[in-house]
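Q: Given chain A's structure and the hints, the job is docking chain B onto it.
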Amino acid sequence: MALSLSQCRKSEPIYSSSSESFKPTPIISASIFPRALGIPALPTDNPLTEEGVYLGRLLFYDRLLSADMSLSCASCHLQKNAFAEPKKTSVGIFGLPVKRNASALFNMAYSRKFFWDGRQSRLANLVFEPIQAHNEMGLNLPELDDRLKKSELYQNWFKKAFNADPNIGQMSMAMEQFLLTLVSSDSRFDKAGPSLTGLNSSEKAGFTLFQTLTNLQGGQNQGADCFHCHGGILFQAQNPLAGGITNNGLDASFADLGAGAITGNSTDNGTFKSPSLRNISLTGPYMHDGRFQSLNEVIDHYSDNIDFSSPNISPNLANHVSGPGGPPEQMKLTVAQKQDLLNFLQTLTDSTFITNPKYANPF
Amino acid sequence: MKRVKMKRVTFLLLGILVAVIGCKKCPPPIENEVKDLSSLTITYKPMFDANPLTTKAFGNINTHNEDILVSNWGIIMSDVSLIKEDNTKLKLGDGYMYVNLASSDPSFTFTNIPEGNYKGIAYNIGVDSLANHADPVVWGPTHPLNINFNSQHWGWAGGYIFHTIEGKYKPSGSTTESGFSYHTAKDPLLSSYEYILDFTLSNNAPRIATIEADANKFFSNELSFTNQSTNHSGSSEDMRLMSLWVNNMKQVFTLKSVN
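The listed protein sequences derive, respectively, from chains A and B.
Taken in order, the first sequence gives residues 140 to 502; the numbers are from the numbering used here.
Taken in order, the second sequence gives residues 9 to 267; the numbers are from the numbering used here.
Looking at chain A on its own, in the form it has when it is part of the complex:
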């Protein structure tokens, strides 16, 4: 029975189904997490196993997890979009609107803050939020538990992964395992290495702009100063105090308080998690509310349209001044510089990641 179930699914590992010989296959960390990204912060109480990851993948793609069985996690997190969604904001069950743009999902093993407002610090807790949210998947946990317990598929895979009957606690652990394995580090930029071998002159110029401080003191500005909030190998600051959660000057007043609604501190109002710029060409629309359709609009924002009156604006935007003690000013990149920056950002696309069968729909 177990074997026949296994054979029904794509790229599924084949294991013994006997609970007496319960021996989940451990995943060697080095086989998933590339050295270049550093050592990930994996939960010590949820070791990765082949069976656990596969169970998490099944759950991620299963519409059983929504009240009307119309949506799965993958409905709003599409692999071809680096697990983001090409919509301004998502639409939940019964067509209900979701407030924010669906975040891309990758390299989460290196993060400690999740969601646009950084309110979750653990993926095993995070997964319960969209499942239960009335305007997302809208399913209550007792009903979910009941559905899982009645499913032969999950009876089988919970046994393999945890030697247990289906339950929502280990469901969240399995989903955490799958999410942790979503690793993206095989872009053209990664392949180019520190010498940027293989990148063309425009892409190289874009990288220089990316990691150079803005200088408005005479002559054409030669820096776009992206690296403060999107720097490092993850292209994303991890420390909330150091640009990881920040205000990028979108608005003078806030329709969405972002992290401020979570912490209750007015100094956090209008601050949001800085997303990774890896795969950025695939993850539009951009910003927490999906207001920018294209990367060109994003670059225009940072170059020409930052609202410096925005409360709590990042110090690393507000320090763009043209002279001692002067007020903050726009960077005013040239058309050519904007194109260079765009070309560089496009080198961060990891086509292997978006076609990796290990992340694909197993049904």
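The reader is advised that the hints may include incorrect statements.
[Said to hold, decoys possible] Derived DSSO-like pairs: lysine-lysine, alpha-carbon spacing no greater than 27 Å straight-line:
no., chain 1, residue 1, chain 2, residue 2
1, A, Lys226, A, Lys477
2, A, Lys252, B, Lys64
3, B, Lys53, B, Lys92
4, B, Lys178, A, Lys471
5, B, Lys264, B, Lys99
6, A, Lys238, A, Lys219
[Claimed, not checked] From the derived model, a few chain A residues whose C-beta atoms are all more than 12 Å from chain B:
no., residue
7, Gln259
8, Gln359
9, Leu380
10, Tyr425
11, Asp428
12, Leu481
The set of hints was computed from the structure by calculation and includes no laboratory data.
No residue lacks a Cβ here, since even glycine has one placed at the ideal position from N, Cα and C.
A: Chain B alone, transformed into the frame defined by chain A:
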């Protein structure tokens, strides 16, 4: 007769074997183990002159009459040590530590420190040249030198930011808010600190050392955010001013008590 002797020898050997195995399994007496070790928490108290530094609002007026709001104040330390009575140093843990004085809990705790009398605390702000230029991907996920943990690594440019202070300021007489960002980095800007204050560590008295950090002491004649709002230890002029900044940093931190 021979059998009796053999039995005696066998029992003797067994006895020795049990004693040897038994000894291997025995932990050192718990009383000694606990008695010998203590812990020390080093906590930072961010100040602005005589008042606590406000990190949620303006109101910190410096010597240049600039109104300052600090939002990020991260420090990487190395060779964090206790100064022993004989003036030698006892390194705590692996000697590295990260603290952010703009966080809600700017403190860290070392455990398993031998009991005894100590003369003070010492550390460097920054890391030595070897660590600064070594491959940074080897450090564990919450180690101070991990490349992703605290955003104190330069990334592709290589090396660590030893000391970061960022925020916004209003120039004297102005209501305009601008940003400031001072990143102390590069080998020559490694700086050492020693705080002399006698204290005793014992197992029944874990201690808390309080270091006050007065941000107003960073500023001097040439050092104002109006004069230079961004310094990333880059150009020669940046390095000249940052050296003055690091020199002033010596006055910023004061060990106030060990209780």
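Q: Beyond 12 Å from chain B, beta-carbon-wise, is Tyr425 of chain A?
A: Tyr425 of chain A clear of chain B: closest Cβ-Cβ about 22 Å, beyond 12 Å.
Q: Is the claim that Leu380 of chain A lies outside the interface with chain B correct, judged by CB distances over 12 Å?
A: violated (4 Å)
Q: Mind verifying the non-interface call on Leu481 of chain A? Its CB should be farther than 12 Å from each CB in chain B.
A: holds (19 Å)
Q: Check whether the Cα positions of Lys226 of chain A and Lys477 of chain A lie no farther apart than 27 Å.
A: holds (24 Å)
Q: Between the alpha carbons of Lys53 of chain B and Lys92 of chain B, is the straight-line distance 27 Å or under?
A: holds (25 Å)
Q: Measure nothing beyond the straight line between the CA atoms of Lys264 of chain B and Lys99 of chain B; if it is 27 Å or shorter, mark the hint as holding.
A: OK: Lys264 of chain B and Lys99 of chain B at ~21 Å, within 27 Å.
Q: Compare the distance between the alpha carbons of Lys178 of chain B and Lys471 of chain A with 27 Å, and conclude whether the hinted pair is satisfied.
A: Holds, at about 23 Å.
Q: Say whether it holds or is violated: Gln259 of chain A keeps its Cβ farther than 12 Å from all Cβ of chain B.
A: holds (17 Å)
Q: If you draw a straight line from the CA of Lys238 of chain A to the CA of Lys219 of chain A, is it 27 Å or shorter?
A: Distance of about 22 Å is within 27 Å: holds.
Q: Given the hint that Lys252 of chain A pairs with Lys64 of chain B, test it: the Cα-Cα distance must not exceed 27 Å.
A: Judged against 27 Å, a Cα distance of about 21 Å means the pair holds.
Q: For Gln359 of chain A, which was marked as not at the interface, is the minimum beta-carbon distance to chain B over 12 Å?
A: The claim stands: Gln359 of chain A keeps its Cβ more than 12 Å from every Cβ of chain B (closest is about 18 Å).
Q: Minimum C-beta separation from Asp428 of chain A to chain B exceeding 12 Å: can you confirm that?
A: holds (24 Å)
Checked against the numbered hints above, the structure violates only hint 9.
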